[in-house]
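Student: Chain by chain, the residues run as shown.
Number of protein chains: 2
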Amino acid sequence: MLSFARTFKALGDPTRLRLVNLLAQRGPGICVCDLVEVLQLPQSTISRQMEPLRSLGLVRARRAGTWMLYAFEEREEPFFASLRAGLDAAAAESIELQADIERFDLLRERRELASCCRPELQKAMNSEEGACCGSETSTPAAPSTRSA
Amino acid sequence: MLSFARTFKALGDPTRLRLVNLLAQRGPGICVCDLVEVLQLPQSTISRQMEPLRSLGLVRARRAGTWMLYAFEEREEPFFASLRAGLDAAAAESIELQADIERFDLLRERRELASCCRPELQKAMNSEEGACCGSETSTPAAPSTRSA
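Chains C and E are the protein sequences, given in the same order. To convert, note that position 91 of the first sequence is 91 in the working numbering; the numbers rise steadily by one, no gaps. To convert, take the position in the second sequence, counting from 1, and add 1000; that gives the working numbering.
The hints are simulated quantities; they were obtained by calculation from the structure and are not laboratory data. Remember, it's a predicted structure, so these values are computed and weren't measured experimentally. Hints may be right or wrong, so weigh each one.
[Unchecked claim] Not everything, but these chain E residues come out facing chain C in the computed CB check (under 10 Å):
{"id": "1", "residue": "Phe1004"}
{"id": "2", "residue": "Arg1006"}
{"id": "3", "residue": "Gly1027"}
{"id": "4", "residue": "Pro1028"}
{"id": "5", "residue": "Pro1042"}
{"id": "6", "residue": "Ser1044"}
{"id": "7", "residue": "Thr1045"}
{"id": "8", "residue": "Arg1048"}
{"id": "9", "residue": "Leu1083"}
{"id": "10", "residue": "Leu1087"}
{"id": "11", "residue": "Asp1088"}
{"id": "12", "residue": "Glu1096"}
[Unchecked claim] Chain C residues, not near chain E, derived (Cβ > 10 Å throughout):
{"id": "13", "residue": "Thr7"}
{"id": "14", "residue": "Lys9"}
{"id": "15", "residue": "Leu11"}
{"id": "16", "residue": "Gly27"}
{"id": "17", "residue": "Gln40"}
{"id": "18", "residue": "Glu96"}
{"id": "19", "residue": "Arg103"}
{"id": "20", "residue": "Leu106"}
{"id": "21", "residue": "Leu107"}
[Unchecked claim] Here are some, though not all, of the chain C residues that point toward chain E, as calculated from beta-carbon distances under 10 Å:
{"id": "22", "residue": "Phe4"}
{"id": "23", "residue": "Ala5"}
{"id": "24", "residue": "Gln25"}
{"id": "25", "residue": "Ala61"}
{"id": "26", "residue": "Arg62"}
{"id": "27", "residue": "Gly65"}
{"id": "28", "residue": "Thr66"}
{"id": "29", "residue": "Glu102"}
{"id": "30", "residue": "Asp105"}
C-beta: ideal position from N, C-alpha, C; glycine also.
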């Protein structure tokens, strides 16, 4: 019972709900640097709030160079499938959650997300989780300060 | 967004989750006196924990004489329908939540729930929400101290 209560509790924090919302609605993997940009929160806050989400199996993380990539953990168990449906409903109904998604989409469209400019993230996303900028097959735009 | 976070948070407390579980799985209405008996918690604790559940629309309450009857609020909105499915899944998977339900069923079977012996509750349950002892059409067993 405690694990179910802990899972509900984890989603009961507004910051964690915003994080899970973005990961669930805009996967398949988002760099912590982009979460910082979209949510306008310090990286330390995001990393700290991710911990209970990871330990409860709501979110998975993996390292790409010096960065962490986070993804919503799609699980088939009835409880988690219901939670996913609840998150989808909340995303559809909440102006604030929708605003986060729209901001993410806008920044991605403008190629202003940091992961678009970092080769190690592009590589990680292209090779395993898809491009963040929607150009999965093309070479990412090299930043002007990069010579190779 | 805050209302969604608050709803998750409300279910994130083990006592509140136990209460909602009983109401959701064993409606259509349970007297606070029976919740005291099943959960072995003080009435003041139960009443206090019900407050956020009521204000969030997860639970409804109505008075029957000197007692309060609580019921799970069945709601059709997608978010609440998903939560209901999540609660059903948790009830099916959690040993502790199942134990509460089994204890409730056992006490009801033995007619040891207080609401079975209190005419005002029997009347309230029969007239609007069904009998607690499973005899919705028959006259409830009158307590020996009652003459009329």
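Student: Give a verdict on every hint.
Tutor: Evaluated hints:
1. Phe1004: holds, 4 Å
2. Arg1006: Since the shortest Cβ distance to chain C is 7 Å, the answer is holds.
3. Gly1027: violated, 19 Å
4. Pro1028: Violated. Min distance 22 Å.
5. Pro1042: violated, 20 Å
6. Ser1044: Violated - the Cβ of Ser1044/E stays beyond 10 Å from chain C, reaching only about 21 Å at its closest.
7. Thr1045: violated, 16 Å
8. Arg1048: Violated. Min distance 17 Å.
9. Leu1083: holds, 6 Å
10. Leu1087: holds, 8 Å
11. Asp1088: Holds - the Cβ of Asp1088/E comes within 10 Å of chain C, reaching about 8 Å at its closest.
12. Glu1096: Constraint on Glu1096/E satisfied, holds at 4 Å.
13. Thr7: violated, 8 Å
14. Lys9: violated, 3 Å
15. Leu11: Non-interface label on Leu11/C violated, nearest chain E Cβ at 4 Å vs cutoff 10 Å.
16. Gly27: Non-interface label on Gly27/C holds, nearest chain E Cβ at 19 Å vs cutoff 10 Å.
17. Gln40: holds, 15 Å
18. Glu96: The assertion about Glu96/C is violated, with a minimum of 4 Å to chain E.
19. Arg103: Per Cβ check, Arg103/C is outside 10 Å of chain E; nearest 14 Å; holds.
20. Leu106: Correct as stated: the minimum Cβ-Cβ distance to chain E is 19 Å, above 10 Å.
21. Leu107: Holds, because the least Cβ-Cβ distance between Leu107/C and chain E comes to about 20 Å, which exceeds 10 Å.
22. Phe4: holds, 4 Å
23. Ala5: At about 5 Å, which falls below the 10 Å cut-off, the nearest Cβ of chain E leaves the hint on Ala5/C intact, so it holds.
24. Gln25: violated, 13 Å
25. Ala61: Interface hint status for Ala61/C: violated (21 Å vs cutoff 10 Å).
26. Arg62: violated, 26 Å
27. Gly65: violated, 32 Å
28. Thr66: This interface hint is violated because 31 Å lies over the 10 Å limit.
29. Glu102: violated, 14 Å
30. Asp105: violated, 18 Å
The structure is inconsistent with the numbered hints 3, 4, 5, 6, 7, 8, 13, 14, 15, 18, 24, 25, 26, 27, 28, 29 and 30, although it conforms to all the rest.
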